[in-house]
Amino acid sequence: MELRDTPQEAAFRQEVRNFIAQNLPSSSKARGARRFEDADRDWSRKLGEAGYAGLTWPKEYGGAGAPYSHQAIFLEELARAEAPSHLGVIGLGMAGPTIMAWGSPEQKERYLSKILTADEIWCQGFSEPDAGSDLAASRTRIDDQGDHFLVNGQKVWSSFAHIADFCIIVGLGLPDEPRYKNLTYVIIDMHAPGVEVRPLVQITGHPEFNEIFFTDVKVPKENLLGTVGEGWQVAMTTLLHERGTLGFALSATLDVAVRKLIALAQERNVTDPILRDRIAREWIELQALKYTNYRSLTTLTKTGIPGPEGSASKLVWSENNQRLTKLALEILGSHAQLTDGSGDGYWQYQQLRSRGNTIEAGTSEILRNIVAERVLGLPRSR
Amino acid sequence: MDFSFTSEQDDLRREARSFLEANPSPSMEQLAELGWVGILQGGDFTFLDAAVLFEELGRALYDGPYALNEIAGQPGDDVWSIEIDGLVPHMDQVSRVLTPDMRGSSAHGDSLTTVDETLGLGRLASNDAVAAHGEWVDVERRLLAALALEAVGIGAKAIELALAYVSDREQFGKKIGSYQAISHSLVDGYVAVELSRSLAYWAAWCVAEDDEQVGLAVAAAKSQAAEAAVLACEKSIQAHGGIGFTWEHPLHRYYKRALWLEGALGYGREHRAEIAASLLSS
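Protein chains in written order, with the working numbering: chain A, 1 to 382; chain V, 1001 to 1282.
Chain A with its partners taken away, still in its complex shape (with noise of 0.2 angstroms):
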């Protein structure tokens, strides 16, 4: 057990302290509302062209054949300068990993590559009005045309789809098989004719996320992933990279709201005991989720595949981000109502954002079911 960088970890975590200060506008530090910006983009190239982007993908495909601390490191220094993350998370954490593992040479060619230079952004369709926990349901049609298939329906909860290129989605391709060999997995292209993104207002009053509307999408056959009727796996291949690494994207995150509560409470100088007893166990909770995800890191540098415990994580930050974030508001005290007060909202605004945190990337009861079945062995739920 050494819990302290290796020689070579300490020279990349200085390299990249070295980087985000030479590079990073102060402008662009992590604020409270998230809609895209031009700057961001800007941020995110910078990233790609310093190697920062795609840390641990393999060299074939662009990366930089890291280790997975490295990546660790790298997500540490962004939140410990409230840097924003690369803009093109979708592509890096999801869309990417699952070509690489299902895609042919062509669409390895043709899509990663310009996921790392941000010059093409992703966004998942995944939920459907009628299909959300239950994703095997979904209506969305995929239906082959002999040289082309045509896509048909409608998704929802989309983050980034207002900017993004392509899409990945799956959706009904043989509407006769059974349930879960009847999905199809397909890339679409944004701006083909027949793609329409309407922004959805969240709780927040912001439109980070957005439905898509797919009406007669003509999709061509080498924007296929996996064969029709394997869309299932190959949605699998997706969600256990979106839960398997997002463990240090979320400890980051949750590092610099411990960080700003911290503040908060110094500047407003909190004596309440029971204040001060829950800034302290949300400090406690932050490192038991950052040491968890080292425990994690360590059997995925052993195994090379991320694990189960990856939605555990995920449980755990989302539930920390809403106690947190409320703690915060009680100690802003009733005038954190007043929207035209001192400060930019950014509690305000965490606060409510925080209520999605169980609700995306798997509800929390689905997390459970998952936690229950897969790494506690119960038996099914259904």
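Note that these hints are calculated values from the structure, not bench results. Fair warning: there could be bad hints in the mix.
Only pairs whose alpha carbons sit at most 30 angstroms apart, straight line, appear in this in silico DSS-like list of lysine-lysine [stated by the list, open to error]:
(1) A:K59 x A:K108
(2) A:K59 x A:K114
(3) A:K181 x V:K1256
(4) V:K1175 x A:K108
(5) A:K260 x A:K326
(6) A:K108 x A:K181
Assemble the complex: chain A is given as a structure, and chain V must be docked to it using the hints.
Relative to the frame of chain A, chain V by itself:
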């Protein structure tokens, strides 16, 4: 960065687990034969090796002074206990007692009846104290880390007992572990124990390395691990239904030990008050 035990430490854990399953209440002589006694007194071992044993002893609900004797770290062949909050665990099994003013007394005094009947608590009555070796701040840190590790062993075992039970027990024609009201509750207990396990290992590493964060780490680990162990036992009792509430089932013994651990050297809020003072002052 490597947050795992060495293969030697994994072997030690396997050896300890199988030995303690056969001998849950070993004598100090038996533990000496295994080479465990004096593990912290120099030599090839570190606090992380001891940490493996502290956790496994907790899991086995061991009822002797081994860990306290190691943590007291006094020279000579006497077996030591440590006075915790005015109470001396296993007083009838030791010859010397270390007190927080870093003095050693002979283990004479009153035996006390306790909720956890395996603690052997006594109250010191001797007045022959002489100066002991070391600093209390170091003893306290080792002790907090050891209590956290013991709690991790207790909590993990309580969840394992529940998982075995709900995977076997049927009601309404189904294994009760398939009901989400049961499984989700146990997931919460499991996750709490695993998070506190990370803190306990971090604390053990900080003690072994005398890391600058050791004070915060042991306070965080002890408060969180003891609370997680209590939670895990309570969820396990609930999942077991009526049988978990009986004297004949072993669960109540884990629960009572967890309750002792939660209070020993201060409840969580006392440690959190110290952590808050440290975080908010700087």
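Status of each hint after checking the structure:
Taking the CA atoms of K59 of chain A and K108 of chain A, the gap is about 13 angstroms. The hint holds against a cut of 30 angstroms. For the hint pairing K59 of chain A with K114 of chain A, the CA-to-CA distance comes to about 15 angstroms; that is within 30 angstroms, so the pair holds. Of the pairs offered as hints, the one joining K181 of chain A and K1256 of chain V is violated, with about 51 angstroms between alpha carbons and a cut-off of 30 angstroms exceeded. About 46 angstroms separates the Cα atoms of K1175 of chain V and K108 of chain A, which puts this hinted pair outside 30 angstroms; it is violated.
For the proposed pair K260 of chain A and K326 of chain A, the alpha carbon gap of about 13 angstroms is at most 30 angstroms, so the pair holds. At roughly 25 angstroms between alpha-carbon atoms, K108 of chain A and K181 of chain A fall within 30 angstroms of each other, so this suggested pair holds.
Violated hints, listed in ascending order, are 3, 4; each of the other numbered hints is respected by the structure.
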